[in-house]
Each structure stands twice: as structure tokens, then as C-alpha cells.
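Undergrad: Chain A is already provided as a structure; the job is to place chain B on it using the hints.
If you read the protein sequences in the order shown, they are chains A and B. Taking my numbering, the leading residue of the first sequence gets 1, the next gets one more, and so forth. Taking my numbering, the leading residue of the second sequence gets 174, the next gets one more, and so forth.
These aren't lab readings, by the way, just hints derived from the structure by calculation. Heads up, a few of these hints could be off.
[Stated by the list, open to error] Computed cross-link-like contacts, SDA-like style, restricted to lysine to any residue with a CA-CA straight-line distance of at most 25 Å:
1) A:K45 - B:I281
2) A:K116 - B:T194
3) A:K29 - B:A302
4) A:K45 - B:E322
5) A:K116 - B:A302
6) A:K44 - B:V294
7) A:K44 - B:H316
8) A:K64 - B:T296
9) A:K121 - B:A302
10) A:K44 - B:L271
Keep in mind that this is a model prediction, so the values were computed, not measured.
Chain by chain, the residues:
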Amino acid sequence: MNRTTILMIMLLASTTLFANDFITQFIQKYSEEDRPLNNVNIGKKMLDKMAANTQDEELQNTFKELHSIRIVNSDNAKDSRYYFEKANELIETEFGDYEEVVSVNEKLSRISVWMKKDKDKRQEIILISLDENSQLSIITVSGKIDFSTISKLSGTLKNEPDLTEDQPEDSGK
Amino acid sequence: MTAKEEIHIQDLLKRYWDCQTTLAEEQELRDFFSSDHLPTSWQHYAPLFSYIRDEQSVALSEDFDERLKVAMEQEKKGNQKYITIRIFTPLLRIAASLLLIVGMGISIFFITRQNNKPWFVETYDDPHAAIKDATYALQVLSHALQTTEEASLQTIRVIDDLNINWTALDSLMAEEITADSLAALTQEEDSLDDIGEFISDHKQHEEI
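Next up, chain A with everything else stripped away, as it sits in the complex:
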């Protein structure tokens, strides 16, 4: 009986350990009720649907290769600064297997991009940014990511009328 209990606890502990990706862990650890955060999750099925609905071939291919996109942001400047520090703290302490690939420190904005490459060529990217309006954005993207395509996407996204008509920040909660 005792052995069974210990085994069950070990199993639960191991699943919890494996279960936590950056955003899940960040929300669980640091999210506070009086500092609201917006969270958007887009999974593989939705990305495939989006790929099917997109006319642009480059964007279509990018969506097809991705596995998930998760976004966390905060509208409040003070909260954003607080969460920005916490996100950096979390990635440095708990996500040692991620490597910092981009770090932009400008006068009013800071962006860092962290990456982990799995054996099956699936990549995990974590972007932590504090923009010029002191608004926090944490974005995680997983899947087969082609950096050169994504860096070229900016122009495509701006030219896509359906995608840029509304402010994306307003739609997720």
C-alpha cells in the first residue's frame, strides 16, 4: 500500500515536472490577481486551420511547420516591468537548456530571444520583450522554425490586410 502511494506520488511529480513549459510555469509561479495578465494559446490544430485559410504561401508554410504559439502580455506599465524582471529570473534559473540567441537593449525597449533545439529538430523559442510603452510581451513559439523566413515575414504581415486591420493585443484574454 505504502509502495503504491509512493509510486503514485512519483508518477504525479514526474508528470508535473515534464508538464511545465515556460509560460505555464511563469503563470503558475508569478501571476498575481492584482497584476492581470493576458494569455493567448494557439495549438497545432488551429495553426493548421490558419494555414488553410491564408493566401500567402510563405505564411502558410510557416504556420504548417509550427506546433504552438503562446502569448502572455500585460497592458499595465508597472506590472509589465515587474513581470519582465520575473520572466528573466525564471529563464535564467529554471531554463538552463535554453540559449540566448538575440538580445536587444535599446533606450526604451528590451528584447531577448532564447532558443532550445530538440533532437527531433523541433525548436522552442521564448521571446521576452518590454517595448517603448513599457508593455510586456512573452511569446513562445514551438515547431520547426526557419529564422530567415520569419525575419522576412514582417513585410508580408504588414501587407496582409486581414491580419493587420485590428490590434491583436485586444483579442486575447
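TA: Chain B in isolation, oriented as in the chain A frame:
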């Protein structure tokens, strides 16, 4: 029935109730009470003695021995099965443990394959709504990459403009670099100051 016989039966009955009768006397009583011409006053005893007679006449059936043998063999076989299970009990324990471990392994494997997101809940049902956030995420990522790319190109251009003698710098790197020897490497004296300024400016501006 004579009075003598009647007295005799009465005496036998009395001794029967006192449990003093012999087997022969009991048989005599049974024979008497099974006869057809019983006096009315004794007829109520008849069922008792007929019951005893009937019960004593019960005998084993002809195939009793055979049935007993079969039952005993089956019992033996049953015991043999039980012994087999007992012999394999340690093996069964090991097999159960292995099954549990394999089960745990498979569970963990599938959980990790779910992109580590057991609490991942889709925000949108409509791809048209989701696409705005997806493109926003890619835009931010794209912007970060472009900024880095531009900064890298700018850095390379500035370094090219400095006209540094890289061959001499490389050979010197093998030795111990001092501030004086580094100054001698640059073709123009001002170049060193330019490098210093550039590095300090760009350290604040961006890290690649």
C-alpha cells in the same frame, strides 16, 4: 394381537424411550410398526419407525466409488494448479513491477510528446480570430530578428571602416596583449579611439 404381545410391545417401547433396547429389539419394534394391522392407539408411532427404517435402507449408489475417485482426482488437479501459481508468484511480482514501470514510461513519453502542455487550452475556436495573435507573435519575433540583423550589419560595416589589420591582431592574440602593443597594431592612431567609442556605444545599444 394377544394381550401378551401387547404387553411385550409396551415393554419394548418403554425400554426404547429409555434407550435400553438392543438392536434386535429395535428391529422387532420396526417390524411391528411397519405391519398393516396396527392397533389405533399405536398408529401415531408408525411414522417414526417407518422413517428410521427408510433411512437405514439408504445405500450408496453403484457408481459412488467411481464418482468419489473422479472428485478426488479433480481435487488433486486443483491443488496442482495452486502449487503452480505459488511457484510463479515471485515471477508474477517481477512481471507486475515491470508492467508498472513500462506503463509509467509510456505515460511520461506521451505526456512529454504533447508538447509539454497538459494545461494547454486553445484560446480561439475561430482561425480568423487566432490569426491576428499568431501574426502579432511572428511580427514581434521577426522585428527582433531584423533589429539584430541590422545591428550586426551595422557593426560589421563600422568595423570594416576602421581598417584594422586583422592578421597582425591575430598573431598578437597568441601572445600577451598589452595596451601599448594593441595601439601599435592599428594603422591609424585614431582608429583605436574609434573602436573604443564604437564598442561602448553598441554595448548599450545591442548585444548580439
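Undergrad: Now, for every hint given, state plainly whether the structure supports it.
TA: Hints, one by one, checked against the model:
1. A:K45 - B:I281: With Cα atoms ~22 Å apart, K45 of chain A and I281 of chain B stay inside 25 Å; holds.
2. A:K116 - B:T194: Not OK: K116 of chain A and T194 of chain B at ~105 Å, beyond 25 Å, violated.
3. A:K29 - B:A302: violated, 29 Å
4. A:K45 - B:E322: Answer violated: K45 of chain A to E322 of chain B is near 32 Å, above 25 Å.
5. A:K116 - B:A302: Status violated; Cα separation ~29 Å.
6. A:K44 - B:V294: Holds. K44 of chain A to V294 of chain B sits at ~11 Å (cutoff 25 Å).
7. A:K44 - B:H316: holds, 23 Å
8. A:K64 - B:T296: holds, 19 Å
9. A:K121 - B:A302: The hint is violated at about 29 Å.
10. A:K44 - B:L271: violated, 34 Å
In terms of the numbered hints stated before, the structure departs from hints 2, 3, 4, 5, 9, 10, listed from lowest to highest.
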